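Enquirer: These are the residues of each chain, in order.
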Amino acid sequence: MSEPLLAIQGLSAGYGAFQALFGVDLRVAEGETVAVIGANGAGKTTLLRAIAGLVPATAGTVRFAGADLLAVPAYRRVAEGIALVPEGRRLFPSLSVEENLLVGAHGRRPGQWDIGRVLEVLPVIEPLLSRPAGVLSGGESQAVAIGRALMSNPRLVLLDEASLGLAPVVIKRLYAALPDIIGGGTTVLIVEQDIGQALALADRIVCLLEGRVSLTGTPASVDREDITAAYFGKVRT
Amino acid sequence: MSWANAAVQGVLLGGLFALVATGLSLSFGVMRFVNLAHGDLAILAAYLAVSTTTILDVNPFVSLLVVVPLMAAAGYLTQRYVFDRTIGPDPLPAILVTFGLGVVIQNALLQHYSADSQGLDAGSIETASIRLTDDIAVGWFPLLTLGTAVVVLVALQLLLSRTRAGRAFRATSDDPDTARLMGIDDRRIYARVMAIAFATVALAGVFIGIRQTFGPAEGPSILLFGFEAVVIGGLGSLWGTLVGGIVLGVAQALGNQVDVRYDLLSGVLFGHLLFLAVLAFRPQGLFGRQGRA
Numbered sequence: 000m001s002e003p004l005l006a007i008q009g010l011s012a013g014y015g016a017f018q019a020l021f022g023v024d025l026r027v028a029e030g031e032t033v034a035v036i037g038a039n040g041a042g043k044t045t046l047l048r049a050i051a052g053l054v055p056a057t058a059g060t061v062r063f064a065g066a067d068l069l070a071v072p073a074y075r076r077v078a079e080g081i082a083l084v085p086e087g088r089r090l091f092p093s094l095s096v097e098e099n100l101l102v103g104a105h106g107r108r109p110g111q112w113d114i115g116r117v118l119e120v121l122p123v124i125e126p127l128l129s130r131p132a133g134v135l136s137g138g139e140s141q142a143v144a145i146g147r148a149l150m151s152n153p154r155l156v157l158l159d160e161a162s163l164g165l166a167p168v169v170i171k172r173l174y175a176a177l178p179d180i181i182g183g184g185t186t187v188l189i190v191e192q193d194i195g196q197a198l199a200l201a202d203r204i205v206c207l208l209e210g211r212v213s214l215t216g217t218p219a220s221v222d223r224e225d226i227t228a229a230y231f232g233k234v235r236t
Numbered sequence: 000m001s002w003a004n005a006a007v008q009g010v011l012l013g014g015l016f017a018l019v020a021t022g023l024s025l026s027f028g029v030m031r032f033v034n035l036a037h038g039d040l041a042i043l044a045a046y047l048a049v050s051t052t053t054i055l056d057v058n059p060f061v062s063l064l065v066v067v068p069l070m071a072a073a074g075y076l077t078q079r080y081v082f083d084r085t086i087g088p089d090p091l092p093a094i095l096v097t098f099g100l101g102v103v104i105q106n107a108l109l110q111h112y113s114a115d116s117q118g119l120d121a122g123s124i125e126t127a128s129i130r131l132t133d134d135i136a137v138g139w140f141p142l143l144t145l146g147t148a149v150v151v152l153v154a155l156q157l158l159l160s161r162t163r164a165g166r167a168f169r170a171t172s173d174d175p176d177t178a179r180l181m182g183i184d185d186r187r188i189y190a191r192v193m194a195i196a197f198a199t200v201a202l203a204g205v206f207i208g209i210r211q212t213f214g215p216a217e218g219p220s221i222l223l224f225g226f227e228a229v230v231i232g233g234l235g236s237l238w239g240t241l242v243g244g245i246v247l248g249v250a251q252a253l254g255n256q257v258d259v260r261y262d263l264l265s266g267v268l269f270g271h272l273l274f275l276a277v278l279a280f281r282p283q284g285l286f287g288r289q290g291r292a
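Note that the protein sequences, when read in sequence, are chains C and F.
First residue of the first sequence? That's 0 in numbering that gives the first Met the number 0, and the numbers climb one at a time after it.
First residue of the second sequence? That's 0 in numbering that gives the first Met the number 0, and the numbers climb one at a time after it.
Take these hints with a grain of salt, some might be off.
To be verified - Some chain F residues judged to face chain C by a derived CB distance under 10 Å, without partners named:
| hint | residue |
| --- | --- |
| 1 | Arg79 |
| 2 | Arg130 |
| 3 | Leu131 |
| 4 | Asp133 |
| 5 | Arg163 |
| 6 | Ala167 |
| 7 | Ala170 |
| 8 | Thr171 |
| 9 | Asp173 |
| 10 | Thr177 |
| 11 | Ala178 |
| 12 | Leu180 |
| 13 | Arg187 |
Since the hints were derived computationally from the structure, they do not count as laboratory data.
Keep in mind the model is a prediction, meaning the values are calculated, not measured.
Each residue gets a CB set at the ideal place from its N, CA and C atoms; glycine is no exception.
The whole structure should be built from the sequences, with the hints applied where relevant.
Expert: The following block contains the structure:
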């Protein structure tokens, strides 16, 4: 079997003295959609930020498309094909929506995504193009954040808490559109607190507990109790 | 000198203040970086122009061709290898390091050029003027200074608002972490910004050297005027910087009109009072963005 697109082995990472990940192993095959679930503070966001390069790894290896990723500085990882849609969208508030999309293409790898195609899959953005990104609603911001990531022609999209702070109806619409938006062939690693959405979307789920992998499996192969145990840890009797 | 003439001279003087303030405004706008050696860099550039005009036997305006690129390169390298290490959530290291750099520049200039005041001789343009009315005459050199400030600020504004590089500057200013996710090397952006800041302050320094005599210790007062222009105009706004410089210049010129007993000091005092009034009543400045720190 050939090497998976993303191969993480024994990854530890944290912020200064605080360690958030302890020896995490994770493999994501090309074209696969993997959901990372877990409680607040389990290390999900840190995992994505470490893959994107915003949090330094203190131990372990991360290989992407067969090459060592940890040696690549954060600002060059987008050219390798990694795009993070960060928690809280993190649009550039003083730039217009159109400029946010264009900045998304700043250091991109070659490919076919452009503003026209982004508008095709995310038509909600079209009337907003000339508006400052700082004034958008949560759902609009999320659409722009996803569009901005697509502009980089990613091979791997890291989607962090896409549903956080959105109205349930917007979440439903977003998740229904997500497979189309990201398109066939793009690999997706998604962090989600809404387990129902995660199970519905993902080919495989990985549960983190206090910085360690506590469960991994396909949505069909894990039952509710497994997830509860992996999510909260063993219940003491 | 009539009031109208004083106001006109103030506007022209404001061009010089705006030119001094451009680099401060830009580096604060993009990376929240305050360079306390900014005024000393202007004086350093004036001294470099003294050396260039002496060695090459050229007009101070020609020396700009040497001094400005030299200072831009120095800015790039200083950011990359010195200032970068001070950038972080705590503003104190940047303040200490740039303050120290200012002391080093002042003493190096004192050592090399002595404490004697120097001047740059640009020839007849220094005194040539156009008489607009019986009362008002406009000097060619102050006009050139103001024109240069306007051209520099308009060019920078266009760079920021219309180009791919400018978009990267603004994105980095908004959120450097997320900008890195887009493939923008924030450290390189910072180095470029500092190169521009050094280049514009070099321009200002040479103009100051042509306008008046100067000594090694004059940097801090230039920094103060630059600061006042930036704060009056509004932090991080280039248009504000131009207007802030002009408002400060007019306040000083009109202040001189009010009371000549204390010589030039009363004008400077008026400028400071205006600055304090802006801080007290409109701390975000005339054109400043409100809210975000």
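Enquirer: None of the hints should be skipped; say for each whether it holds.
Expert: Results of checking the hints against the structure:
no., hint, result
1, Arg79, "15 Å, violated"
2, Arg130, "45 Å, violated"
3, Leu131, "41 Å, violated"
4, Asp133, "48 Å, violated"
5, Arg163, "7 Å, holds"
6, Ala167, "6 Å, holds"
7, Ala170, "5 Å, holds"
8, Thr171, "9 Å, holds"
9, Asp173, "4 Å, holds"
10, Thr177, "4 Å, holds"
11, Ala178, "7 Å, holds"
12, Leu180, "5 Å, holds"
13, Arg187, "9 Å, holds"
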